[in-house]
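Required output: the full structure, derived from the provided sequences and hints.
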Amino acid sequence: MEYEFFTRLMEIDPFKAGLLAIIGGISTMMANRGIAVFHDGLRPLIPEHLEGRMNRKTLAATSFALSFGLVIGFGIPFSLTAPIILVHSLLLGTDVIGTWCANSKKGFILSGILGALYAVALMTGLRSVVDIFAHLPVNFMSNLSKVGDPIVACFALFPAIVVAYQYGYGKGIWVLIATLVGYVATKAIGSLSFGGSLDKPVQLDPNGIALLISMIVMFYFAMKERAPKAGDDPAPAKGANEMLVGLFSTRIQRIQNNIWLLVLSGGLTAVAASMSLSLLAEGPVSLQLMAQGEGANAMLVALARAISFVPLVGMTAIATGVYSPVGMKFVFVAGLVTNNLWIAFIAGCVIMFVEIKLLAKIAIWLDKYPGVKACGDHIRTVITRMLEVALLVGGMIAANAILPGMGFMVVAGIYLLNRTSKRPLVEMAIGPIATIIVGILANIIHLIGIG
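In short: position in the sequence shown from 1, add 731, done, that's the numbering used here.
Honestly, the hints are just simulated from the structure, not real lab data. Incorrect hints may appear among the rest.
[Said to hold, decoys possible] Derived DEER-like restraints, expressed as beta-carbon distance ranges:
1. Ile1074 <-> Pro775: 34 to 40 Å
2. Gly800 <-> Ala748: 24 to 30 Å
3. Arg982 <-> Gly856: 32 to 38 Å
4. Gly1024 <-> Ala852: 25 to 31 Å
5. Met954 <-> Ile904: 17 to 23 Å
6. Met1137 <-> Val915: 33 to 39 Å
7. Met954 <-> Ile840: 45 to 51 Å
[To be verified] As a list, the in silico DSS-like pairs of lysine-lysine whose alpha-carbon atoms are at most 30 Å apart:
8. Lys788 <-> Lys836
9. Lys747 <-> Lys836
10. Lys1088 <-> Lys836
11. Lys1088 <-> Lys955
12. Lys837 <-> Lys788
13. Lys1099 <-> Lys902
14. Lys955 <-> Lys1092
15. Lys747 <-> Lys877
16. Lys955 <-> Lys902
17. Lys837 <-> Lys747
18. Lys877 <-> Lys918
19. Lys1088 <-> Lys1099
20. Lys788 <-> Lys1153
21. Lys918 <-> Lys902
22. Lys955 <-> Lys1099
In this text, a Cβ means the ideal position worked out from N, Cα and C, and glycines have one as well.
Structure, rendered in structure tokens:
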């Protein structure tokens, strides 16, 4: 029995393992040379090291401090709920490995090897944990997936909250009403057969249509807000981003000098993010949707998230000369659009190439539409808060299904106690972590014969 168990752990698809190993190796080598890092907070520190104002040990220690807690407390718990690997689990780890390896030829090669091994170990480790949980007296893995149930319903509402933050409560209410009307109308229609011309009617997803409607309205408001004109002056004043581009032109050139390595990373990531492989997910929401087979909705969610990261990734890249191994995250959208791996690879490569080539122009364009830039900032804030609420509720639902009555108590207790901690966990990770704790507690209670 024990031999069979460990044999099953080794039964990993070699193509998936190889793909993840290549992504891990390339990402780690780019982090080692300061070409690209995933953590937005680490990006500004890379030029400090490259230009001699910060030593390697300090950079490595800072990278570890920034990323390790997120890998353990955020990336891995979410990855266990599907199990699909949340990209944070992989690329935050490669950031750490890349910065810890020496900035030399040997360090560069070693970082690639260690990054590849880390990626395969992550894949193997997640499968091992899932198999171990499946052999427990109380198998709570099926209930663990309930953690993400409220996310799908709640996510369609985020554009209404963004509009409320940016343009006021009243407009937010109108967007909320439009979203709910879209949901109810889609629910009522159910499917489209176009007068019986289709053998298989197209099933309409209420959450997806509601999200699409609310996003269209949100960007309508954002695009209406234009930068103030410079009056009668024939030479219009330069925007802040245009001045930033002029100031850091050498750093933009540094990114473009490494374009082909970044393009390869983008193409491979798109392949891993495709529904046919379901190997990598961009965020907790798209991860849950991919696990449920809802590729179209996962694509919409990934698109919304990618748009929100355009200002952040774009501005930090221009100012630091350091990009992200997944760019502005549009490569995940490319992966979810098609099940053909070759098309996904080509689309991911093209998207990354275009992002880098248009980096300066995107920044200048954002000067003309300040509403879009502000919208991106609000989207990230609102999605984080929405996830905190949805995952807490989902954690309570899942925990109560595992351990009726006590599940609510444990999740609420962990959530509130976390707020008093000197080093609290990320709040959106509390739901999955607390549910896993409840599952382990249920097994302990079963073993000692109390329940």
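Going down the list of hints, with the structure as the test:
1. Checked against the hint of 34 to 40 Å, the pair Ile1074 and Pro775 passes, with Cβ atoms roughly 36 Å apart.
2. Restraint check, Gly800 to Ala748: a C-beta distance of roughly 27 Å satisfies the suggested window 24 to 30 Å.
3. Distance hint check: the CB atoms of Arg982 and Gly856 are about 37 Å apart, consistent with the given range 32 to 38 Å.
4. The hinted window of 25 to 31 Å between Gly1024 and Ala852 holds, with their beta carbons roughly 28 Å apart.
5. Between Met954 and Ile904 the beta carbons are some 21 Å apart, a value that agrees with the proposed interval 17 to 23 Å.
6. Distance hint check for Met1137 and Val915: the Cβ-Cβ separation is about 37 Å, which falls inside the suggested range of 33 to 39 Å.
7. The beta-carbon spacing between Met954 and Ile840, approximately 48 Å, falls within the hinted interval of 45 to 51 Å.
8. A C-alpha spacing of about 17 Å is found between Lys788 and Lys836, which places the hinted pair at or below 30 Å, so the restraint holds.
9. Distance restraint check for Lys747 and Lys836: the Cα-Cα separation of roughly 28 Å lies within the 30 Å cut-off, and the hinted pair is therefore satisfied.
10. Annotation: proposed proximity of Lys1088 to Lys836 holds, straight-line Cα distance about 28 Å (limit 30 Å).
11. Distance restraint check for Lys1088 and Lys955: the Cα-Cα separation of roughly 27 Å lies within the 30 Å cut-off, and the hinted pair is therefore satisfied.
12. A threshold of 30 Å between alpha carbons decides the hint, and for Lys837 with Lys788 the separation of about 17 Å falls inside it, so the pair holds.
13. As the CA atoms of Lys1099 and Lys902 are separated by approximately 23 Å, the hinted pair is consistent with the 30 Å bound.
14. Proximity of Lys955 to Lys1092 is assessed by CA-CA distance (about 20 Å); at most 30 Å being required, the pair is judged to hold.
15. A threshold of 30 Å between alpha carbons decides the hint, and for Lys747 with Lys877 the separation of about 26 Å falls inside it, so the pair holds.
16. Distance check on the hinted pair: Lys955 and Lys902 sit about 14 Å apart at the alpha-carbon level, within 30 Å; holds.
17. Of the supplied pair hints, the one linking Lys837 and Lys747 holds, its CA atoms being roughly 27 Å apart against a limit of 30 Å.
18. Under the criterion of a C-alpha separation no larger than 30 Å, the hint pairing Lys877 with Lys918 is consistent with the structure, at around 22 Å.
19. Simply put, Lys1088 and Lys1099 have alpha-carbon atoms about 19 Å apart, close enough for the 30 Å limit, and the pair holds.
20. Between Lys788 and Lys1153 the CA atoms are separated by roughly 25 Å; this keeps the pair inside 30 Å, and the hint holds.
21. With a C-alpha separation of about 24 Å, the suggested pairing of Lys918 with Lys902 holds against the 30 Å cut-off.
22. Distance check on the hinted pair: Lys955 and Lys1099 sit about 11 Å apart at the alpha-carbon level, within 30 Å; holds.
Taken one by one, the earlier hints all hold for this structure without exception.
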